[in-house]
Amino acid sequence: MVASDRAVPLLAVVRGVAQQLDLAPGVGAGTCSKENTMSVPAPVGPLGPRIPRRAALLTPPALLGLAACGPNASGGSDDSGDGTTLRFYWWGNTTRDAQTNEAADLYLEEHPELTISREPTDWGGYWDKLATQVAGGDTPDVMQMDEGYLAEYSSRGVLLDMGGTAFDPAQFDPSALDAGKVEGTLYAVNAGVNAPVLLANPAVFEEAGVEMPDDTTWTWDDLVEIAARITESTPEGTYGVQQLGIQGDPNQSVFLRQLGGEKFDGSSLGFTAEQLTQWFDLAVRLQEAGACPGADAAVEESGQTVDQSMFAVGTVALQSQWSNQLVSFDNLLDGTVRMLRLPSMTGSAADAKLWYKASMYFAVAADSALQEEAVEFVDWLTNSLDAGRILLAERGVPANLEVREAIAGELGESDLKVFDYIDAIAEELGDPPPITPPGGGAVGDAMQRAMEEVLFGRVSVADGVAAAIAESESALS
Amino acid sequence: MSTTIPGREAPAPPSVATTARARPSRLARALPRTRRQRQMFWWGLFFTSPAIIGLVFFTGGPVIVSAVNSFTDANLLGGSRNWVGLENYSRLLQDDQWWLSLFNTFFLTVISVPLGIAVALGLALLLNWRVRGIGVYRVIFYLPSIVPIVASAVVWAYVLNPQYGVLNNVLGLVGIEGPGWLSDPAWSKPALILFGLWGMGNLMVILLAGLQGVPQDLLEQASLDGAGVWQRFRNVTVPFISPHLLFALITGLIAGFQYFTPAFVLTGGSGDPAGSTLVSGVYLYQSAFYNYELGYSSAIGWVLFVLIAIISIVAYRLVGRRVYYGGAS
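Sequence lines, in order, name chains A and B. Take 1 as the starting number for the first sequence in my numbering and just add one per residue. Take 1 as the starting number for the second sequence in my numbering and just add one per residue.
Isolated chain B, as found in the complex (with noise of 0.2 Å):
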């Protein structure tokens, strides 16, 4: 890692770009040429073959075979199998449960990824102090994450009980009747946010390490300078975990938008009460295991591909021009 100032500039690195006239291309580079080179190159591929197979039949396999049903009106259950063209895909828009359930993904998303990035932000910030114990503390704030998320989803099924869950038992002691936080649709999005926060750690860690790499010496520099905690926070902190920042973003997004289990799990997959935690995910599942509709929830799976395919790109295309790489290039 340089230490880079902003300022003063450091040497761009030589671009691909403009040396590829001069060397090979990079996959004539990446292929082997020597014969030790391609021993070499089947053992690697030998040693890796699990993990090739693995992809190829559990990922590859079925990415085709979705694709291919997302034409028919296969069925879960077996039966004729026929090509219906683009059937599956016009009927998508005009199926109301559909665009429910697609609201209700971007109303989770747009809520919980930016939430999510400012808690994991805060406790990273409170976690970069130097006091004693704070092993300890980081310990305690990461340990959500190493919970298996279908048991803690089991855990807080009971948290969020309105008549003994720990939650209303707590706001009741402050004279506060806490909602029915599963059972009333007007609470169980922030029930299912406040849910995500919790599962945080592995973020809060990423940030930390960004925060750990912004210069003490930069830092102490704008103290030095009269600015004050704020300026010092926006001005050096933020440039220097901004490629942390891009990053969360765009895995938030993407996590967002394949939000599945903690919905499934504490709703049982129905989406109840009244359709409000009916995300994508659960009406992909629905589609495919309560009604048998193997070929319209590929479809349904397909969109939400593309979907997350252009709203990651358009986030880093908007975003990631203003990241600053000086800190870790």
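Bound-form chain A, shown alone (with noise of 0.2 Å):
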């Protein structure tokens, strides 16, 4: 061990190496932008426990500073230093990157002064990597953002209450827009309007010389029934539908609101563990009956690419989706996929407690350097009819009623399926649900790992429902 004034130059050295490289963002904690409520024990370890206490003082901030901020969080990240680089992050599919860039170039030609830096990204890896720019104090200046991470984010602080801003929601659907609202905030401005759908493959259909159900009266009985036939009458490999089970919501949270329940209630679980094992036996009604794939296969299918999807290769004749999905699986099938509401208990689709769910947000980042300009661009993104002819509805129905209906002259087949979908229900909805509380996206875990121990037969229904419920609740406590 170094004896301790021989500790003080080596401090020294550290101290003036990292300021150097610009690591020690200066004294003193305040200069970081995060709340540090709480002080740091002078290190003890490494250099010793007698340390002067001139040199304490000054290298906890530094430790401190580097754990708690980035190079962004006491003013301006490298690359908006000049205060011109508007950072832009999304998970997305080729086809929203490419009309996502086309539609930021589109902007930058009225704005010559900005330069937009595009930071597209898959699903997989989205929320890992945006955790770690917020805790590093990089926070994009416009993100994306899901219903599930929404409360999360705007409970810590980080997304910017766009109601006093320069946005402009007034032609908004007064719905869509309230969906980006958590207790009465505007945090996050709808992208598009979204619904739970079953998709069918009328090739499957055929193949099985089964008739396309009517989904305005049919139940999940009915479709239980339907799909064993389908497994029965195609070749080995081939199933009715995927295994609801494992692909857990929005299937789970549409038969839940049927038999009343929520997903959540405030910062609770908003069902009843009876509720939950009705929908664990369902299930395992699919599984025995032959209907959808083992639990296996239905595992690996979890993780599975579009393109390779049991549903998109024609194994599997229904398969759950959000509406704005549908797109890219027609692709894929030559446009042949139909459309399908859920099933319900009653044999009514006014029974069917389906809702329009945002099928993601643009947010924008409380810390950022360019506030002003970022607010502008998200307003131009939702509002502008131009905008609106290039992003069309890949990501879902426009929540802007003007730019709904100037566009609708302009989709595909396949954007005018979705838009049909979303108009054919309107009239059935249900209440939206509510937000999806902080630890929320643990839940979905945990239904899934019971979920499968079920239906992979080491634990009973009963054992399953138990653990998920109590494995929820500490996830939200």
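These are calculated hints, taken from the structure and not from any lab test. There could be a bad hint or two in this list.
In silico negatives: residues of chain A with every beta carbon more than 12 Å from chain B [unchecked claim]:
{"id": "1", "residue": "GLU232"}
{"id": "2", "residue": "GLY237"}
{"id": "3", "residue": "LEU282"}
{"id": "4", "residue": "ALA289"}
{"id": "5", "residue": "ALA298"}
{"id": "6", "residue": "SER328"}
{"id": "7", "residue": "MET345"}
{"id": "8", "residue": "ASP367"}
{"id": "9", "residue": "GLU402"}
{"id": "10", "residue": "GLU453"}
{"id": "11", "residue": "VAL454"}
{"id": "12", "residue": "VAL459"}
Taking beta-carbon pairs under 7 Å as the criterion, some of the chain B residues facing chain A (in silico) [claimed, not checked]:
{"id": "13", "residue": "LEU76"}
{"id": "14", "residue": "LEU77"}
{"id": "15", "residue": "GLY79"}
{"id": "16", "residue": "GLY172"}
{"id": "17", "residue": "GLY175"}
{"id": "18", "residue": "GLY178"}
{"id": "19", "residue": "SER183"}
{"id": "20", "residue": "ASP184"}
{"id": "21", "residue": "PRO185"}
{"id": "22", "residue": "TRP198"}
{"id": "23", "residue": "ALA274"}
{"id": "24", "residue": "GLY275"}
{"id": "25", "residue": "ASN291"}
Quick caveat: nothing in here was measured; it's all calculated off a predicted structure. Ideal Cβ placement from N, Cα and C applies to all residues, glycine included.
Both chains are given apart, each in its own frame, so use the hints to dock them into the complex.
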């Protein structure tokens, strides 16, 4: 161990070099925009326990600074150092990336003083990466947001309150606008409207010689029976329906809503063990009737890309999705895909309790150095007809009614199907479900884990339900 | 390396304890005394400063911050951070998922460490033969170890794919219908263990080096005395490579408890199927990056650290005293 008087120059060297490298954001925790409500004890360990007071005072903020904020936190990141680069982070696919880039290019023609750093990624790594950037004080100026994360991020002060800004919601469908509010505050702007749907592949129905069901009157029992018949009348390896239990949401939420529950109620679960048991029972029935693939095939399917999924290659007739996803499946199946309402308990579509969800949102970082520019860009993306004509319905049906009307004539057949479906169910909708509370993401994981245990026959339905509820409740508490 | 033969006592090396009184302590000897030494000391520090700075800032700093965080309700996304005392630690004890992750970690470690050592030793014994082209064989078996683990895990995701994977196709040729390796909870752990064996090259090389230090004359002597293959292996080879085996055991245990990358890459960090690949490292990651509970995940990390420390020390004490250092002291 080095004696303390020798530690002073060592620390000075360390600090000097760190400052040269712009690693230590100066003295005092106040330079960091994140709240540091606690002090960190003087470092005891690598440098020895007896560090002179001056050195001890200087070091912790440097450590804390490194841990709590990135280069961006004390005002401006490297790439926005000139104050003109807007960072735009989204998840997507090749179609969305191309359209979004085209829209951004058009926007820059009107705003030559700006540049937009486009940062698309896939859904799989999106949230890990965003959380890491936020933790590093490097939140993108404009980011795509999802309902499942909205409450979490807004409650942590990451997102800008769009209420008092230049964003103009006048042309928005009011309920679509409300979907971006958390406890009355508008934190995110609806980028497109979505609804739960069952996609049907008519070719598989035909092959099985089974009639396409009437989706305004069918029940869950009909679904099990029809899907089992398809499995029976097709070659081995072709099935009637995906394992809805492992696909999870939106099916699970639709089913629970029809029983009078909701996935969440405030910051706790919105359903009973008895309601969840019925859902697990349905999944077991699908499996036992042979209506869906076995548990291991179903688990494998959940990690599959769109073009390799059983539905896209024609080995399953029905698969649940969000409505804006139709477009990519329709492309792969030559425009033949049909959109069906999910079944109901009563055999009446009016009781199906579907709802309009924001497929995604645009949100602005609360600590963005380019707040005005970011808000203006979001306003343009959602409110301008020019942007609407480029983005079309890929992110869902536009929430701005004026844009929705203006682009209706320019849509391809797949997009039109989505528009028609959204229109057709308008009169049958249930109330929008309560927003996913912080910690709610873990609930989906817990449900899926328990469902897999049950479907692999490792635990009984009763034990699986109990485990799912216990795990979910501890994640929410 | 000396070639002391068991039974013939070598003089005991001078131990530090017996000479401590006569000479200055180790610490004092390490410190610079003359002016020239002092100068060299600072130059030495200067030239090692990149490593020291890296260690202090990128390892030391986070270690301290995570220790502090484990007593708070820190959230990855920021916001307020409050002291919660031991709450994170007491929550661990009631967390079924954490117990599941510990069970999975133990299970994988207990199976894969001995199995890995056995396979690496077996390969090392084969590759210790003096046959033509042995260098080529050694390279072939070592190659997988220099492929980055993420890259090889991605490749194995294809190898293990039940439909178009190589493994099940080969099994199919001999009439065995392969399981859904990574989608069936009964087969996911064996799949991970199998993948672990593929990267045994480093250990194999270390054991090979140990085998080359086994004195040939002793093996010949034993052979003349009528010892069979097994007896020679058990009574001559094993004692001489026992320090290498101890090293393999301890590093294997530590790596086993820190197991993360293959499980994360092969299952996308989900712990699927049915939580069967949810090891402690993955659960820690989920807590921090999926659930944003930085405080809780720090507590998971620290408990894991203490567990690794205890188990390493126990293993070292239990096995360490049976190790024979006569071969290489």
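Status of the hints after comparison with the structure:
no.	hint	verdict
1	GLU232	holds, 22 Å
2	GLY237	violated, 10 Å
3	LEU282	holds, 19 Å
4	ALA289	holds, 21 Å
5	ALA298	violated, 8 Å
6	SER328	holds, 20 Å
7	MET345	holds, 29 Å
8	ASP367	violated, 9 Å
9	GLU402	holds, 35 Å
10	GLU453	violated, 5 Å
11	VAL454	violated, 9 Å
12	VAL459	violated, 9 Å
13	LEU76	holds, 5 Å
14	LEU77	holds, 4 Å
15	GLY79	holds, 4 Å
16	GLY172	violated, 15 Å
17	GLY175	violated, 18 Å
18	GLY178	violated, 11 Å
19	SER183	holds, 4 Å
20	ASP184	holds, 4 Å
21	PRO185	holds, 6 Å
22	TRP198	violated, 21 Å
23	ALA274	holds, 4 Å
24	GLY275	holds, 5 Å
25	ASN291	holds, 5 Å
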